[in-house]
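Since the structure of chain G is provided, determine the placement of chain F on it from the hints.
Number of protein chains: 2
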Amino acid sequence: MAKKKPLILVTNDDGITAPGIRMLIEVMNTLGDVCVVAPDSPQSAMGHAITINDTLYCDKVRVLEDQTHQEYSCSGTPVDCVKLAVNEILKRKPDLCVSGINHGSNSSINVIYSGTMSAAVEAGTLGIPSIGFSLLDYSMDADFEPARSFVKSIATQCLKKGLPTGVVLNVNIPKLPKNEIKGIKVCRQANAHWEEQFDKRVNPLGREYYWLTGEFVNEDKGEDTDEWALHNGYISVVPVQFDLTAHHAIKDINTWDLS
Amino acid sequence: MAKKKPLILVTNDDGITAPGIRMLIEVMNTLGDVCVVAPDSPQSAMGHAITINDTLYCDKVRVLEDQTHQEYSCSGTPVDCVKLAVNEILKRKPDLCVSGINHGSNSSINVIYSGTMSAAVEAGTLGIPSIGFSLLDYSMDADFEPARSFVKSIATQCLKKGLPTGVVLNVNIPKLPKNEIKGIKVCRQANAHWEEQFDKRVNPLGREYYWLTGEFVNEDKGEDTDEWALHNGYISVVPVQFDLTAHHAIKDINTWDLS
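Chains as they are written, first to last, in this note's numbering: chain G, 1 to 259; chain F, 260 to 518.
One should not assume that every hint holds.
Just some of the chain G residues that point at chain F, by a computed CB distance under 8 angstroms [as the list claims (entries may be wrong)]: (1) L31; (2) A45; (3) G47; (4) H48; (5) T51; (6) Q70; (7) P239.
Capping the alpha-carbon separation at 20 angstroms, the derived lysine to aspartate or glutamate pairs in DMTMM-like fashion look like this [said to hold, decoys possible]: (8) K161(G) <-> E455(F); (9) K152(G) <-> D516(F); (10) K182(G) <-> D516(F); (11) K5(G) <-> E26(G); (12) K93(G) <-> D318(F); (13) K91(G) <-> E455(F); (14) K91(G) <-> E454(F); (15) K251(G) <-> D458(F); (16) K352(F) <-> D257(G); (17) K510(F) <-> D224(G); (18) K251(G) <-> E454(F); (19) K420(F) <-> D257(G); (20) K480(F) <-> D243(G); (21) K221(G) <-> D502(F); (22) K459(F) <-> E88(G); (23) K200(G) <-> D318(F); (24) K178(G) <-> D516(F); (25) K411(F) <-> D257(G); (26) K419(F) <-> D257(G); (27) K437(F) <-> D257(G); (28) K420(F) <-> E26(G); (29) K352(F) <-> E219(G); (30) K510(F) <-> E223(G); (31) K251(G) <-> E482(F); (32) K161(G) <-> D511(F); (33) K60(G) <-> D516(F); (34) K419(F) <-> E215(G).
Treat the hints as calculated values from the structure; they're not laboratory data.
Ideal Cβ placement from N, Cα and C applies to all residues, glycine included.
This is chain G alone, in the form it adopts within the complex (with noise of 0.2 angstroms):
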């Protein structure tokens, strides 16, 4: 009996048209029946956003001329596409689910704002093997080229071996020519943060406005962050889970007096 080839749902965040997903599309498209729902319309820094209060509408498009699997654009957010897809669009639960390639780094700190990493969480709450996937460099220019063959190793591994419960993989690619990609580290999300400095301007009507634009802190020196292996030309491969708690917090808090 042949073996079903799997199914693989592919979204984004930077939109249906960005040259990130096209790659990942051409790459799954060698793994298996690839369907894709991912946004209209550039949707970075989505976070884990849902539409409550507005309409979603998602059509059937054709972006290639030879295109054989199916493409929906969705005017939603990265989770739409994928909770459209998961509960409207697809037969049945997809074998894996791939995000990206973003175009940007969403490593350490960055994979709470990542539109791109919210639609894999999604998928992984559904229980779908799920990655997502960026390249250090925001141009709409970047190379992809030198990610094809990890990408495909670490999604066909995926399929293979699938994941633990409730974890889903956040995989970051540093900027380089192929050749001088060291391999791939499984790390810990490096611990730092966002200082913003807002740039005040003033509209042609005199109210003030800001501009949001921030500076990347990365205090944290472990050679196991993601930070590390990316800056020592390595692929940052992240398991990030959705259960939030920290669990080594629950004995402190409970000796709070809270009668």
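Relative to chain G, chain F alone:
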């Protein structure tokens, strides 16, 4: 020497005029110097979204006639509000950030969609002890009175004892009269998810669209979860972390063939 009063930042995701934040402001005014920076409109289910491709307005407002503290109404998301408050508005780092009181539950997996909790988490990344409060009543007429003394005691303990590094609190309050609330339980996040049913409609121009309508599915039978506590008349307090690393999974992924 008189001890300096604590500085308390108050925000939410239901918008600056919501009854829930009004109660929170009242309680915090009994504990310290209050500054409110909250969204100018409802921002529920915005997760950890931030505004990077648009401008932000943030205007000083007077909501109450007899208001002695400062309030700012912001066009952005709950996380934007915290970033603006800490980096642009406040003269020093607040001693406490409280978010809510949300109209509706943020227990279990809802924590990842919640604008209320994302604001608290953002403050946590900046090293500020932080608590998100939610009442299990979505109504704008919800009765927040039974929550008052509990909100005060939890915030008081947090000011007194601080929180472990990298931890914020997710507090949910059952919809019960005060004499039926049995107490406070420190819990873990229940392992649950949403199953969506999309309500498909056709717009006046003949184009199909969807409304997201979901069902909360909790298969976690544990008696140490927030869901159990809430269903049994307790206020749930879950310590939440933003290091999402699934440390237990690192060993497993390290067995993968990623050459």
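Original post:
So which of those numbered hints doesn't the model satisfy?
Top reply: Numbers 1, 6, 8, 12, 15, 16, 18, 28, 33 and 34 - these are the hints that the structure violates, sorted from lowest upward.
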